[in-house]
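Trainee: Protein chains in written order, with the numbering used here: chain E, 1 to 307; chain A, 308 to 532.
Treat the hints as calculated values from the structure; they're not laboratory data. Incorrect hints may appear among the rest.
Stated by the list, open to error - Heads up, incomplete: computed chain E residues facing chain A, CB under 8 Å, no partners named:
id: 1; residue: L45
id: 2; residue: A49
id: 3; residue: K94
id: 4; residue: N143
id: 5; residue: I147
id: 6; residue: F196
id: 7; residue: E200
id: 8; residue: I203
id: 9; residue: L206
id: 10; residue: A209
The beta carbon of each residue, even a glycine, is placed where N, CA and C say it ideally should be.
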Amino acid sequence: MHKENFILKDTFWKRIRRTPYQAIASVLMIFITLSILAIFLLLALSSSAILSYLETKPQLTIYFKDEKDKASIDKLIEKLNSTGKVASYQYISKDQALGKFRELIKNDPLTMEMVTADILPSSLEISAVSPVYLAELSEAVKNEPGIDEIVFQKEVVDTLITWTSTVRKVGLVFIIFLFIASFFILFMSIGMRIAFRKEEIEILKLVGATPWYIKRPLIFEGVIYGLIGAGSAWLIISGLVLYLRPFIAAFLHGITVLPLSQIQGLTIYVWPLSVPLFVLLLIVLLACGVSIGLVGSFLAVGRYMKY
Amino acid sequence: MILFDDVSKKYLQSVFALDEINFKVENGEFIFLVGPSGAGKTTILRLITREILPSHGSVFLDDWEINKLPTSKLPYLRRKVGVIFQDFRLLSGRTVAENIAVAQDVLGKSKKETEERIKEILATIQLEGKTNYFPKQLSLGEQQRVAIGRAIAGETKVLLADEPTGNLDPKTSWEVLKILNQINKSGTTVIMATHNVDIVNSLKKRVIKLQSGKIVADEKRGKYA
């Protein structure tokens with residue numbers, strides 16, 4: 001009969017049964033908001049991881065007309081380093097180029113016999129601090145003597161940078177809008193619940209209930225809505241991602257590992273799909289769900305319940 | 308002790324619900340507030356529970372000046388002052404025991420303490436056999452007894468009764484009065500606003516008569532003519 005808050009005792013499910021549509025609307029809105037948040041979050045994380053992956057690969061290759069002597073290579077490297085935008089570099093001589101090429105065509109002995117070191121150019125492979133500096137680095141050295149061609153994955157990188165930036169911006173605007181909508185629906189739902197229970201709340205005040213005693217179950221209710229919305233969003237989105245795994249694999253052809261970050265020695269991978277990624281998603285969604293529930297219900301009780 | 312010191316209450320600019328009234332109620336007294344509708348009886352009770360504030364003057368409960376009490380202290384005032392109404396105001400979805408338990412629950416009492424207190428209260432209001440009944444399963448007199456039980460279940464020092472017999476037949480009214488008298492004898496101050504002439508005249512308690520917001524009579528063993 002006792003030791004729980006008297007209103008709390010009027011169980012959550014009992015209250016949902018009394019006014020099911022407001023409860024469903026609140027949970028549904030939080031669910032939609034958090035599902036979209038989850039989608040944008042996964043897209044943002046994936047594109048960041050792909051960007052990081054590309055950053056680890058040589059992004060700019062300078063091909064030379066002839067084999068360069070050490071002095072002129074050092075001079076070129078010094079010029080590139082002076083920009084402060086070079087992360088790493090590697091000189092590939094004609095012989096090394098031949099070794100690499102042979103490795104690539106090892107299943108084609110006829111071609112292997114035809115190719116000699118003379119016809120392959122020496123090159124300098126450069127990784128930039130950020131892909132946005134590639135064009136600038138290319139511009140800095142293109143007029144240097146002895147350079148035959150400069151190749152970099154400009155289009156791929158540019159597209160990815162644009163995509164990542166768009167996902168972040170659109171996602172942020174969309175999520176802010178949905179968060180506000182969720183707050184308002186929860187705010188109205190809790191407000192109506194307060195109106196329905198006006199008489200009961202008056203009685204509680206008359207017998208000496210503190211404001212917190214009266215408000216606590218309503219705030220608890222908001223938090224439960226948030227948790228249910230977050231849990232459902234996580235289940236649906238996780239299921240969807242697992243279902244789409246073969247399509248994602250096809251989309252990422254060639255990329256086998258996409259690490260996101262390391263937390264206390266534990267590497268979280270965006271690809272292949274890993275348990276820590278789903279745990280991270282669950283934590284983010286639950287935190288957002290609880291925040292929406294807490295803030296929405298706090299605002300509602302503050303607005304509609306005066307002591 | 309309750310003290311009304313030069314208290315006035317205006318609801319509108321020129322309408323006085325109470326007009327400069329002064330009276331003192333000692334601990335353990337039983338007082339009837341009588342007078343026609345609109346005389347100011349309910350206003351006095353609502354000033355004691357701080358549901359409203361006086362326009363002028365001060366209301367005291369022991370050392371507390373009620374009208375100056377910070378909002379954060381209101382729950383503690385209301386735990387000392389129980390109230391019952393003509394329309395009972397019970398929680399329809401709760402049993403008799405649960406309706407009474409609410410006053411213990413807000414005090415944070417343990418399950419054991421609450422159950423023991425409910426037993427005592429049920430004995431006082433003579434509803435031992437109806438612990439798990441819902442209000443709609445009870446007669447009007449029984450519902451009022453549950454309301455009394457809830458009002459005295461906490462740390463009640465003063466019981467305010469606003470026309471508690473207004474909806475009851477004479478026989479049931481006397482049953483309720485008997486319980487209120489018994490509660491008063493155990494030390495609780497009782498202030499009852501009523502129109503019931505028979506009850507007032509038979510009990511021979513202190514009677515404060517109000518008319519148009521003024522006290523027109525205050526007699527130790529008064530009558531309601």
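Trainee: With 8 Å as the cut and Cβ atoms as the points, is E/I147 at the interface with chain A?
Mentor: Not OK, violated: E/I147 not within 8 Å of chain A, min 79 Å.
Trainee: Given E/I203 as an interface hint, is the shortest Cβ-Cβ distance to chain A below 8 Å?
Mentor: Constraint on E/I203 satisfied, holds at 6 Å.
Trainee: Is the interface hint satisfied for E/A49? The criterion is a beta-carbon contact with chain A at less than 8 Å.
Mentor: At 52 Å from the nearest chain A Cβ, E/A49 fails the 8 Å test, so the hint is violated.
Trainee: Go through the hint on E/E200 and say holds or violated, using the shortest Cβ distance to chain A against 8 Å.
Mentor: holds, 6 Å
Trainee: Have a go at the E/N143 hint: is there a Cβ in chain A nearer than 8 Å to its own Cβ?
Mentor: violated, 77 Å
Trainee: May I ask you to test the interface hint for E/L45 with respect to chain A, counting a Cβ-Cβ separation under 8 Å as satisfied?
Mentor: Status violated, d = 46 Å.
Trainee: Would the hint on E/A209 be counted as holding, given a Cβ-Cβ threshold of 8 Å to chain A?
Mentor: Check passed: Cβ of E/A209 comes within 4 Å of chain A, closer than 8 Å.
Trainee: Holds or violated: E/F196 as interface residue toward chain A, Cβ cutoff 8 Å?
Mentor: Violated, because the Cβ-Cβ distance from E/F196 to chain A comes to roughly 12 Å (cut-off 8 Å).
Trainee: Does the nearest C-beta of chain A fall within a distance shorter than 8 Å of the C-beta of E/K94?
Mentor: violated, 85 Å
Trainee: Restraint: E/L206 near chain A, CB-CB cut 8 Å. Satisfied or not?
Mentor: holds, 6 Å
Hint violations for this structure: numbers 1, 2, 3, 4, 5 and 6, all remaining hints satisfied.
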